[in-house]
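Protein chains in written order, with the working numbering: chain A, 233 to 572; chain B, 233 to 572; chain C, 233 to 572; chain D, 233 to 572.
Think of the hints as simulated: they come from the structure by calculation, not from any bench.
Given the structure is predicted, the values throughout are model-derived calculations rather than measurements.
For every residue, glycine included, the Cβ atom is placed at its ideal position computed from N, Cα and C.
Where hints are given, some of them may not hold.
Unchecked claim - Below, a list of computed lysine to aspartate or glutamate pairs in the EDC-like style, where the Cα atoms sit at most 20 Å apart:
#1 B:Lys-238 with D:Asp-312
#2 B:Lys-238 with A:Asp-510
#3 A:Lys-302 with A:Asp-510
Claimed, not checked - What the simulated footprint calls covered on chain A by chain D, stretch by stretch (three residues with Cβ under 8 Å from a Cβ of chain D suffice, anywhere in the stretch; the number is not a length):
#4 345-352
#5 374-382
#6 440-447
#7 512-523
#8 549-563
Protein chains: 4
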Amino acid sequence: MLIVMKPQATPDEVEAVNERIRSMGLTPHSIPGAQRVAIGITGNKGALEPDVFVSMAGVADAIRVSQPFKLVSREVKEEDSIIDVGGIPVGGPEVMVMAGPCSVESKEQILEAAQGVRASGARLLRGGAFKPRTSPYEFQGLKEEGLKLLAMARDATGLKVVTEVKDTETLPMVAEYSDVLQVGARNMQNYSLLAEVGRTGLPVLLKRGLSATLEELLMAAEYVLKEGNDKVMLCERGIRTFETSYRFTLDLLAVPALRELSHLPIVIDPSHAAGRRDWVGPMSLAAAAAGADGIIVEVHNEPEEAICDGPQALPTEGFAEYAEQVRRVAEVAGKQLTAV
Amino acid sequence: MLIVMKPQATPDEVEAVNERIRSMGLTPHSIPGAQRVAIGITGNKGALEPDVFVSMAGVADAIRVSQPFKLVSREVKEEDSIIDVGGIPVGGPEVMVMAGPCSVESKEQILEAAQGVRASGARLLRGGAFKPRTSPYEFQGLKEEGLKLLAMARDATGLKVVTEVKDTETLPMVAEYSDVLQVGARNMQNYSLLAEVGRTGLPVLLKRGLSATLEELLMAAEYVLKEGNDKVMLCERGIRTFETSYRFTLDLLAVPALRELSHLPIVIDPSHAAGRRDWVGPMSLAAAAAGADGIIVEVHNEPEEAICDGPQALPTEGFAEYAEQVRRVAEVAGKQLTAV
Amino acid sequence: MLIVMKPQATPDEVEAVNERIRSMGLTPHSIPGAQRVAIGITGNKGALEPDVFVSMAGVADAIRVSQPFKLVSREVKEEDSIIDVGGIPVGGPEVMVMAGPCSVESKEQILEAAQGVRASGARLLRGGAFKPRTSPYEFQGLKEEGLKLLAMARDATGLKVVTEVKDTETLPMVAEYSDVLQVGARNMQNYSLLAEVGRTGLPVLLKRGLSATLEELLMAAEYVLKEGNDKVMLCERGIRTFETSYRFTLDLLAVPALRELSHLPIVIDPSHAAGRRDWVGPMSLAAAAAGADGIIVEVHNEPEEAICDGPQALPTEGFAEYAEQVRRVAEVAGKQLTAV
Amino acid sequence: MLIVMKPQATPDEVEAVNERIRSMGLTPHSIPGAQRVAIGITGNKGALEPDVFVSMAGVADAIRVSQPFKLVSREVKEEDSIIDVGGIPVGGPEVMVMAGPCSVESKEQILEAAQGVRASGARLLRGGAFKPRTSPYEFQGLKEEGLKLLAMARDATGLKVVTEVKDTETLPMVAEYSDVLQVGARNMQNYSLLAEVGRTGLPVLLKRGLSATLEELLMAAEYVLKEGNDKVMLCERGIRTFETSYRFTLDLLAVPALRELSHLPIVIDPSHAAGRRDWVGPMSLAAAAAGADGIIVEVHNEPEEAICDGPQALPTEGFAEYAEQVRRVAEVAGKQLTAV
């Protein structure tokens, strides 16, 4: 923490700040300048709250120097984390494609989607059984029946299952059927859920909130790691901006920026930001080019008939070619795609 | 829903859209234009999903015409809702001030704050017992002990208690001690919590998410009303923008805009957006001037010693004068403040 | 400037930073910490560019401590500036209302509007003669004829004229007819125009860009003051956010925040943000409550017939009552409105 | 335009809207619904202003159906535009790399940079001679001397020159020395400059404003095309959001979205958004993957010594490898890079 005093600050005001720092068991370091004094603080274990100082007389600003996160930080662990999802490594030299329908709808649908996904070389199957929806009047998912269908598709194809958990009540049920627990963007700061998810020990795909900073995303991940679970994948899925031409603005600078701050793998969801099938392809290639460790994408055997988000789902037909293009771009960016 | 066709759309493409509309049991209405055709849809009960049409050949855009919310809408109920909080009306001709500390810290602290609040003429006491925090390493509240202290302050002063509920697990406990359940900004789209809160039948203060549109805020309220609980107050508390000079940008245009869309009372929280005591006063007056039904503000007997958010808390000393200023401004805006 | 080193930074990397600081003629001050070293810099006259240091090995961050603006800063001039507009003081104890139509359309229109404005006690007349429009196909203003009509209305009513200047070519002409030069939001960073406007010595109303930070607004004002012209009024007129219910989000926290950073008067334009007549009233009262020095608002004798922005214009009929309400709110906030 | 009436609208209110539409020489088309009436309008040549109707009694909303832009629209011209820059085609099957220093600093610097750029296979040289800066105290460019150095580098290497024009006063001078006129983000809505630039007939690189929507960018381009100059390249260079980890948020969804709306070529500037050299590479690959027609990137022979933006400049050493990677990614996305 660095306290910046106003140019007009009196010696008494400076001393009051020093005194307060000492009363917290910390050490002030005065940096006299031509126009003003600044005071560095050392001795703190974690990040300090700037607000304590900002309200004191003579203080112009209090600037945080330490990062507020710990376990997720690359400063704590230098090498990239590779997360083991039932034998599939996420975060290593390969780019993992996770694909499947928005919602599980029926046995035929999920099986056809899973087989298409498998044929493309992807190794994780996504699909929603519990669907948090903006409107209480919209389809909320097949619930346990959906989970069972996912497990059935896993048995049939060997794909690992990624599915969303929306609350602590249904967490035990979801955990029973899934290989990766997805925490949705709207739940990114549902701290009770994060802690419970952490306690399951299962791999977690944590989506960035619509207006969450990278720091907030990392703090949310910290809630999971704090419970002893370090298997967290960070997922950018589009942020909210003033632009209305697309659903969300896909923020690909998050890939190199998160890479620097944290050792956790980074996954991109191009489907929700684009909201349209024909824009998902270019954004998937862009994600691979930016260096993502994984891409989670919506695929449907009959997109025109999908109950939800059909317009943004890629058809399973043609998906192998899509995955091949992702692989080729990822190679240039220094990654590889799993061979089939 | 209005479907806008591209200028180059063929008659077959137009007919395919008409056919799809009919297949949904709805009626298409063609509007031929000089450059292009548009197709109006009637017969739908709620809002349609534009995405179903956007992906069809020849379609340029699909524009939603109906609002997606129902029970919260002023189209459903024309007169303003007045919510009865233990005999105190929120949403009527008076502006309600709800005040108290960020966190309940001790018996002395909450009692002194409550007495100061009461002396100012305010009639609701706010105070946090369960505190969702961005960092897992920060103070998370006194929990049940905090709730008991709030109830004690209520008994001592007659003030009604507003306190935050952060998850469904602790909801029954929080509901036992409080008169108004506050749902925080980060939980605005925690639909499982909203539904449970709705089922308690208690008045709810629903805070707008950091990047929630007014429509999303109203849809979140719809989750509560759908459970048969129409005692919801909508609370604007600052939104996230590019400006970094303050914590959040207080969006006061939300007051007249929500007033037009919905019959529910509107409350403003100036403390969290401002983040600084000396900016809370002007923003409180601005909220009253904009026509808010209530103001929820942080007050502390010793702000310098507060465990959380001290710098943004108003001191109880001087709070009566603050409330008097709010009252005078509200009068000009056509509201009154409860007399002591 | 404070340079924060990474925890793993080597002594050589720290020394390289010290050396670079010394090579710039400045002095490094080391602050050793438990986890990492920070280095304060003193001796610089203005703000330093963080980028020079961020790219050096071992550097985690470079944090600016000094403000980049000078002449506009309250650190340079402690008391509030009062700007003399032909004898009318803007920035003093009174709140100035500046009102008039979006565009000057005809002699009758501007005269009726001016007389309505005058009758309400307002003392400045706004009106556009040159209109920058998003579309090249929209009405671009009456140009010199509009300026002459404004001057005529000034002669008839004694009101001072505020009008927009859109480029350096037409600046001499606009300057000849106006008492205050308005620089629009889209020109806030048109530095060539700012410098020329500064050289006229006329009072300037500088509108904040749609996504300009307060710091950028102040830097734009600095361009005017640098030319020896310190008669600048800072104008908040709504910023761009994700919310689509209104044209722009009116950012009233800018009032106390700018007040702290700068000595220049602060004006609010509630019309462009609201975009609707019935929301302009509440936002005007809110602006006065927040402590604004002035309010610039659109008024039209026949809003329904206005060539541009009619829906957001207040009718001249009823404007005196509006101004009276603003006056009453401003009084509570410690300001007064000019008596008629 | 579609007018949506309120459910409570009376027949008289509906008729008043119909009457107003007819009075504008247009035709109303009523669409009766279960809850409310909507009215389509036909007969208009361009986009109508929604505001005219929104303020009428009984009207809930007025929704624009036609796009406000014309000449830039793909509805007007279906095939992609290819812009001829002195024999170099921008917008065709190849991806053009435009590279060079932020500012022209000296003969040695610009020559070395130009030779490095040329050796990589890039064919356009960027470099600033007039630099609009946020602060009036920062380096504003070498001006005419800089332009002469650029022309000298062009003569020496055969590269075409892209340089920024910041105002109409210096436009004739800049036009004399450059092959492409760059209009900066802060000038995107400087309509006087856009029209003058249009009249030169030179190719234009138009940067998107920090918070400009795609529609506004296209409307700005329309100002240039309206003057008979259709050689406009649209350039995304990062938008302003709440995220503070990078200078700006690079919005790559703009590539497919602009592609659909317009026939003009699309260029991405990854340097200004990233602000850091090591993030420019991944973002350049991502731009190529997204389908951009060109990439404009900062390169410097000695980035550590650059007067401005050194930390975001790529070194000329290694630039050929960078360009080769871009080429390989562009191939996957269906583009090629010019062979050397």
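Tested hints:
A threshold of 20 Å between alpha carbons decides the hint, and for Lys-238 (chain B) with Asp-312 (chain D) the separation of about 18 Å falls inside it, so the pair holds. A distance of roughly 17 Å separates the Cα atoms of Lys-238 (chain B) and Asp-510 (chain A); the hinted pair therefore holds under the 20 Å criterion. Between the alpha carbons of Lys-302 (chain A) and Asp-510 (chain A) the distance comes to roughly 40 Å, so the proposed pair goes past 20 Å and is violated. Taking a C-beta to C-beta cut-off of 8 Å, the region 345-352 of chain A contributes 0 residues in contact with chain D, too few for the three needed, and the coverage statement is violated.
Residues of the region 374-382 of chain A lying with their CB closer than 8 Å to a CB of chain D number 0, which falls below the three-residue condition for coverage. With 4 residues carrying a beta carbon less than 8 Å from a beta carbon of chain D, the region 440-447 of chain A meets the three-residue requirement, and the given coverage holds. Residues of the region 512-523 of chain A with a Cβ under 8 Å from some Cβ of chain D number 9, which satisfies the need for three, so the listed coverage holds. Counting residues of the region 549-563 of chain A whose C-beta lies closer than 8 Å to any C-beta of chain D gives 3; at least three are required, and the coverage claim holds.
Hints 3, 4 and 5 from the earlier list are contradicted by this structure; the remaining hints agree with it.
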